[in-house]
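Colleague: Below, each chain spelled out in residue letters.
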Amino acid sequence: MKILVCISHVPDTTSKINFVEGDTLFDKNGVQFVINPNDEFGLTRAVWFQQKQQAEVTVITVGDASCEPTLRKCLAIGANRAFRVDLQPSDGFEVAQQLSAHCKEENYDLIIAGRESIDYNGAMVPGMLSALLGYNFVTNCMALEIAGGTAKASREIDGGIETVSCELPLVIGAQKGLVEEKDLIIPNMRGIMQARQKSLSVLTPVESDAKSSISKYEKPAPKGEVKLVEPDQIDQLIDLLHYEAKVI
Amino acid sequence: MGILIYTESENGKFKKSAYELASYGRAIADQLGVELIAVSFNHEDATQLGSYGVDQVIQINDPSLESFTAQQYASNLATIAQTKEIKLIVLSSSANAKYIAPLLAVSLSAGYASNVVGLPESLEPLTVKRSCFTNKAFNTCTLDNKVNIIGLSNNSYGSFENPKEVNFSQASAVIAETTIKVEQVEKSSGEVSIADADIVVSGGRGLKGPEHWHLIENLATTLGAATACSKPVSDMGWRPHSEHVGQTGKPVASNLYIAIGVSGAIQHLAGINSSKVKVVINNDPEAPFFKAADYGVIGDAFEVVPELIEKLKAFKSS
Ligand SMILES: Cc1cc2nc3c(=O)[nH]c(=O)nc-3n(C[C@H](O)[C@H](O)[C@H](O)COP(=O)(O)OP(=O)(O)OC[C@H]3O[C@@H](n4cnc5c(N)ncnc54)[C@H](O)[C@@H]3O)c2cc1C
Ligand SMILES: Nc1ncnc2c1ncn2[C@@H]1O[C@H](COP(=O)(O)O)[C@@H](O)[C@H]1O
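As you go down the protein sequences, you meet chains A and B in turn.
Here this note's numbering is used: the first residue of the first sequence is 646, the next is one more, and so on.
Here this note's numbering is used: the first residue of the second sequence is 2, the next is one more, and so on.
Keep in mind that the hints were calculated from the coordinates and are not lab data.
Watch out, some of these pointers could steer you wrong.
[Said to hold, decoys possible] Using 35 Å as the maximum straight-line C-alpha spacing, the simulated DSBU-like pairs for lysine-lysine come out as follows:
| # | chain 1 | residue 1 | chain 2 | residue 2 |
| --- | --- | --- | --- | --- |
| 1 | A | Lys872 | B | Lys292 |
| 2 | A | Lys891 | B | Lys292 |
| 3 | B | Lys147 | A | Lys749 |
If we strip away everything but chain B, and leave its shape as in the complex, we get (with noise of 0.2 Å):
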């Protein structure tokens, strides 16, 4: 009866986006008066769930699963969502999660509705607002089924502390027959990837070139953030295609974006839309990323970014 939420953890810690889950699972979990469930794979200690309010954590801790495949972590999360008569599953919006949620929703007849923004406008039925239009515009859309999936736009509700008692079980792995290998998985260590950064710094074609990214680096640095870039510059090779954010790119959902030398053209504007803050550096104040922004500074970006640095240095050391 209760609701499931599947909880992701990199390199031993949840993602920010298992506590925000948690948060939004424990806020329906109290207006229909059920038990907030999740399911974690391969973590160890799942004990800080229970900070975030879940009742109950289901571990499903199996050497088989310790590569991500879609089809293997849409079966075992089926199976307890049947055992469990699960109405509701709520999913982030991580790439994998969006993997997984049309193989869950197929395998049990369940409603889904993807870029969920916000708790649901009514239980029964269940009706939610979900951007469209690449964040262009919302939706509001209804499900009525008897099992329905939500899939939570990262960082669009945000983590509350809500302790309860929580209670942990094992479940054994259920083996799907798949025949996909995973082969290699190349991850960009050390840095903070664009889906899960906090803060998001971003050059556009104004930096004039690849030797000038220190600039952008060194800001992101400074903030602990996520170095992006428009597609331009993805285009012409100054940076990896994996950082170009926007409508074709990748999306871009973080509470500051700060946008350099970029002019805000409305495909990339579509991107970084729902970023809740945006500051733009750049010297055309015809530039249209001025009527998107919420703070901007009209310059030259090898003068203000360096000053920025600098400032933001000693504000971090004071």
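Next comes chain A alone, as it looks inside the complex (with noise of 0.2 Å):
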């Protein structure tokens, strides 16, 4: 079985978020990335895939050279090859079109996408990509299990769970729940060694185009003070929530 990751490259949970050139940019000054949590999730999956079913791991990701050290991270946690298509993508489209034309020269029984990336927070990649591909798509993805050319995968749905099979190839959007939190991998000093050794290729992108683009950012408007009430002063808070801010 062929695995592909697809890895998208952000910023730290804790990161404080700036922005600079007017309002045009992220700021980057001082801020550590990070391979995407939902990302991090798919790619443990695929390495017990690896380790229990004779998987082959890819990771790719689409960006440019500063991208490599979460590319290699992935690597030391246990992938077998990495690509980077050297592209500052504009939108999600023109990330899954760069990743559809790898996908169609490599055939991958398996393709794994986070549910969304905490920095754009799309949400699009893989299902745009699993249309552009024809493959089946299941995204918010918990639990995946493959045998014999089926995969049987439950989604989070609001309010409770949905269990579904089909047939490969396949493309998931994964989430938490996909493997337990204590089952993620902190490459060690034998992965780390080994993963300078193994292979991370730049692709040349294929022509693309986006459908949006940014032109500012901006962060939300500060908040006023709380307002306190003393924990034997109940009331108040309940007229407060009634006649001030009428949510209750």
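Since each chain sits alone in its own frame, please combine them into the complex, following the hints.
Modeller: In structure tokens:
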């Protein structure tokens, strides 16, 4: 089984979000970049398939050279090889087009992306990729088993869980639950040394066109001071929520 | 030429988001002077949509669409969008709508912006504001395509009554090829889901253990609210994973979010930031949540919450 994991290189969850150049660009200054958490769940499951079902795991990112340490980390976690498509993408559709061109050459059985990235929050790349390839698609995927070319997956829906089965090739949008938190792999020295020997190839982008463009960023308006209510004056809280905030 | 909305229902009732989409679509349709068309699947009585400004309802009632599959629903929406020469489609931010949108975008060669908050800043070209960096920021995004899709953030616009004479029609289902089979759907019955709730009551590690969750549950029942929790609480198995909210859990965009014994870590706040009013109950005045909340009580949850439940019951019955 050939598995591709699509990796988005994102600011660490604790990062302070700031913008520069007249609020047109994210300020990378002092920001630590990590594997998008949903992609990390997906990669961990892929490595499980590699160990238990002899799958070969490839990781790919569409981005500039600054993404390479993130790909090396994926190799240290256990991926067999890595690709970087040398393009700074403008939107999710452009990413999907680049990934689709690569997938058409490689014929992966399973493509794992994150349900959504924590920077752009598009929730669009995996679905668009599946549609461009004509593959099945299951998003919000929180459990995945594969046997004899058939996948069984659970996905989180609003207020419940749905179980589906389908044939490969398949694209999933991975999320929390796909693996246990404790199974996330922290690369050890051996993994890091091995990763240096593994192949990380740079691909020339194919022609692609974005369907959206970002003109500016802004931060939420600063919040006013919290209104405190004394613990023995709870009636006051109810009044505030009813008359002032009008939410109860 | 019109605007198309996909109105979702559950157990024979339209979801709150259906009326929000109708109101939002109405406002844009008025600006453009075009028709607002709603599509509903397997929903018998769609008259209510007219009260929120829909001009035309296209109903697709077919047993083959009984269980939701994104490919099937997307193909049906795409077919209608093509026949009606739709230029703008608006979907909600439900799990199902987010599943459909990227598939629909590719099949119509449309642009797609998710998490859109508020009406477009411009319609020609379409320019919208959307949240990004998990609610820590917004970006303004232009979609200059023949067809565009907006995914509207739930609860970001609101719903407004605006009665219209509705025109109903039936369309037959298009059956798309798919090998995806829905085997089972487990719904946690009777409870309000976090995605649809007006009020969410959330508990953190400050509650000390699962045996104290009756406090959260009683408060939620009193308010008709959904229950949620912080990440460590679900990691430790005190509560199901489906209740975990935050950057790596579910987003919350309710009218009221009450956090009890939750410190307010940046990853927690990121996921609940788009809730309109936030209340914190915490015994540590230094807890970061006090910087993010609108109202706060510095006190012991084990004393404050029972008191709050009592007082709320009295308030509700008065
Ligand atoms: C990559 C990453 C992603 C993460 N994603 C998320 C996420 O999506 N969601 C999330 O929630 N967290 C997330 N976290 C974890 C986050 O950093 C915090 O650790 C977590 O939110 C803390 O949970 P808590 O507030 O329940 O517990 P604590 O931080 O332990 O806070 C407990 C609070 O309860 C208060 N308290 C104690 N006793 C009482 C009492 N008797 N009455 C009232 N108050 C009391 C304390 O003062 C304290 O403020 C993430 C972390 C990482 C590294
Ligand atoms: N630049 C990229 N390169 C590779 N994969 C990506 C990239 N951007 C997004 N993805 C994948 O698509 C998922 C969803 O991203 P998004 O559509 O931006 O929310 C991510 O979790 C990744 O798996």
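Colleague: All hints, please: hold or fail.
Modeller: Hints and how they fare:
1. A/Lys872 with B/Lys292: Between A/Lys872 and B/Lys292 the Cα gap is close to 10 Å, so the pair holds against 35 Å.
2. A/Lys891 with B/Lys292: It holds: about 21 Å lies between the C-alpha atoms, which stays within 35 Å.
3. B/Lys147 with A/Lys749: Cα-Cα ~27 Å, so holds.
When each numbered hint is compared with the structure, no violation occurs for any of them.
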